[in-house]
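Line by line, the protein sequences are chains A and B. Quick note on numbering: the first sequence equals residues 0 to 70 in numbering that gives the first Met the number 0. Quick note on numbering: the second sequence equals residues 0 to 774 in numbering that gives the first Met the number 0.
What the hints contain is simulated information worked out from the structure, not anything from laboratory work. Any given hint might turn out to be false.
To be verified - Calculated pairs, DSS-like style, for lysine-lysine (alpha carbon to alpha carbon, straight line, at most 25 Å):
hint	chain 1	residue 1	chain 2	residue 2
1	B	K606	A	K53
2	B	K148	B	K637
3	A	K53	B	K167
Claimed, not checked - These stretches of chain B come out as covered by chain A in the derived footprint (C-beta under 8 Å, 3 or more residues):
hint	stretch
4	129-135
5	625-634
We put the beta carbon where it would ideally sit given N, CA and C, even for glycine.
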Amino acid sequence: MDENELIKKIDRAAAPRCTDEIKHEFRHIRPVLENEIFHLFNDRVAASDFSEEKKAGVIEMLIRAMMGVNA
Amino acid sequence: MKIRGFSISRYGPLDHGSYIDLGNFNLLFGWNEEGKTLTIDALIKMLVGKASRGFDRINRVEENPEGYVLLEKENRGEIRLPQDGTLTAVTGLTAYECRNIFIIRDSDLAITDEGDFYKYVTDRLVGLRTEEIDRIIGELCHIGHLTRKGDFQDTPPLRLKTRMQQAKKLVDRIDNRQQVLAGDGFAKMEDELREIEQKLDELEDAPGRIEVAAKKEKLSVGREALDSLCSVLETCNDLSVFNRVDEQKWEEYETVIHNNRAELNRQLADLEEESRKLERCCKSKEAEEFLLQGYMRSRDRLEEDLKPRIATYQTRKEQFMRAKSHGWGNFLSVSGPLSILCFLLSAAGMFLWEQGGEWFFTAMILSLAAMLIYAGFLFRMAGKKRLLDGLMKEIIEKAGELKFRAGTPAGIMERIDEFSRAGAEKNRKIQELEKDIAHCRKKIDTANEELERLEAVARDAEEKIRKLKEDAGVDTFQEYQDRLRSREEHEREAEIRAGVLADLFGMEETDDININIPFWKGKIALLDGHLRSMGGELVSGYDGGNSGSIQDERCRLRNRKQELVHELEELGRKMDNLGGEINTCLAAENEYVSCRTIDDLRVAREKLQQFISAYQERGAYTHAAINILEQIGAEEEKKVQDLFGPGSAVSKYFARITDNLYTEVSLSRENGMIEVLRSDGQSLNAWQLSGGTYDQLYLCIRISLGEKLLSGEKGFFILDDPFLKSDTRRLMNQINFLRDLAAHGWQMIFFTAKDEVKTALAGPIEQGEVKLIMM
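Sequences and hints are given; from them, build the entire structure.
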């Protein structure tokens, strides 16, 4: 999932306000996107039978958590 | 990667000076205190630089060694350490890995913090960090406000779990409240209130019509009030005789009569009791007096007949006793028996001794004379005794006749004394009874006086009540009270009517209704004339016929408005309470809701539902993310297992080194500890192995992990007497194992002080397979 695709998914997430924050702080997301855990996670989410909304929400939560860990 | 050689020119006392060239298998032999351990320390410092601080007891010599290590690495050629950097920089191996895998110091093959180290190695090998996954899960729990078990956190200040529960309850309460409000017709009430206010405004907005209607209404109401007032006052006059003072007096008289009756009954009961007591006392006294008369008669006979005889008997008896015990009596009672004895002795002497017969005869005659005198005395005393006995018999018989039966005169005297005491007792009883009788009579007199007084009081009260009845023309107190209440009600009614009239037309200076009546009559007449002067022009809808209905309508509307306002305020209070709880629940979300109307409730419910849904959704996402991360973590942990287990390199090495006594080495997922499987199928923990086997196991683990870390490239092992605990056979196995590894490209730098190791390697040393370096 590239950045644009991710942003689109996040746009569809249930918390648009948070999405704006994430967009605003995208520079903090870049290290997350480069992390191998994120990719493994992302692959599993993509392969899951979650709804698109839930997929976006779950990924958003992971991004926020990883940003918190990296902070 | 191999160490081609090293040179240590100075490190504490150590001074090898020359360069030491190394082969594949190097045995550095030296006795104790010859610098083996310091050489290893110097090698570590030169290899890993400052990171050597992670090794235990590395600073036995504080300074850094002078010298170098010549490292040979594929594709890099020769590297001179520490001049060209550190082993970590060159190969990527960290000091932590070197310490736990490639360098065995102080004969200790064990791995420090092995559970963590295996995880670390796995992370290193597979390129993942399970610890990082744990940290991310922790952060997820934090931002998703979840506990590790998946529940919502309940820690301050958010207290999400409690608030979520509270929010759900509030939603239910809002639903209930909405149903209640729908049932109570809240919306209808609000609509009705608006309508009423509108109608009242319309009524207030029609001043002209209202003015005329108000005047007519005033006239109508005033007339009605005045007529009613006059009627009521007339009734009041009829009832004027009934008043509170007389009512109170009547009640007091009734109370007096009632109380007197009770007192009278009590006094009568007392009087009766006293009368009975008096009668009993009189009868007792009569009986006692009768008995006393009998006593007196007996006493007289006693005095006349018995007492003189007893006195005579006692006198004679005293004389007899005196005669018996004094003077001659005593002498004769002694000399009598002696004279009999002398007589008998004299008679015997006279027959036995012939020569002194005369003397004995004389003595016998004298004795006989004395005997006769004694006999005469006894006869006389017997006569007196008979006389006394006869007298006593006579006394006893006489006493028997007088009911004083006894066996002796003394007994009779005792009976007489008892008789005298009984007489005294009778007298005392009679005196007491006389006192009681006097007391009873006095009490009876007092009771009679009290009865008369009470009867007089009762008669007086009854007389007064009778007069009140006559004055009021009633028969009972209840009737009087009813009339009085009626009068008071009429007076109140009159005051109300007067109040209405005063509101409508004002008052004279005095409050007296009777004085004000003509004033109000005048005002009504004036208003009537004024309205008549208007020529009877009436406003449609508000003419005289329905002016009352306007007022009624306005009153009705106002009353209904008040009722509605009251009900709505009550509901509003309940809504406010509910709103307070909702705002408390949502305070952390910076939300505020008003709860005054059904629409407000609907909005509040939506906000609560949003709050619940938002956190539930967030929790669900977080939970899903945690599950995925845990799956990833579990799979990574499983990769650690893959380093061990059946068919793994470590299992093969250990089987080989133990001659297949142990066939498998595994890592327990539960406790992160190494376990081995013996050929007989028994599973043992590493710590259950003997010291030698334990060392061999960890040598195998180090080699296996080293192979993995170097990704197939071969490296070196620096070993400081690693097999101290092995027996000779096992030592040979281990050395052969190391030789085998060396043959496959691994470099062994084996420091030892044991001859047996050197002996065991004597052959390979001779053959040049092992390089012996003497320290």
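Going through the hints against the structure:
Straight-line distance between C-alpha atoms of K606 (chain B) and K53 (chain A) comes to about 22 Å, which keeps the hinted pair within the 25 Å bound. Using a Cα cut-off of 25 Å, the hinted pair K148 (chain B) and K637 (chain B) holds, with the two alpha carbons roughly 22 Å apart. Straight-line distance between C-alpha atoms of K53 (chain A) and K167 (chain B) comes to about 23 Å, which keeps the hinted pair within the 25 Å bound. Residue count for the stretch 129-135 of chain B with a Cβ under 8 Å from a Cβ of chain A: 4. That meets the three needed, and the coverage hint holds.
For the stretch 625-634 of chain B, the assignment as covered by chain A holds, since 4 residues bring a beta-carbon within under 8 Å of that chain's beta-carbons and 3 suffice.
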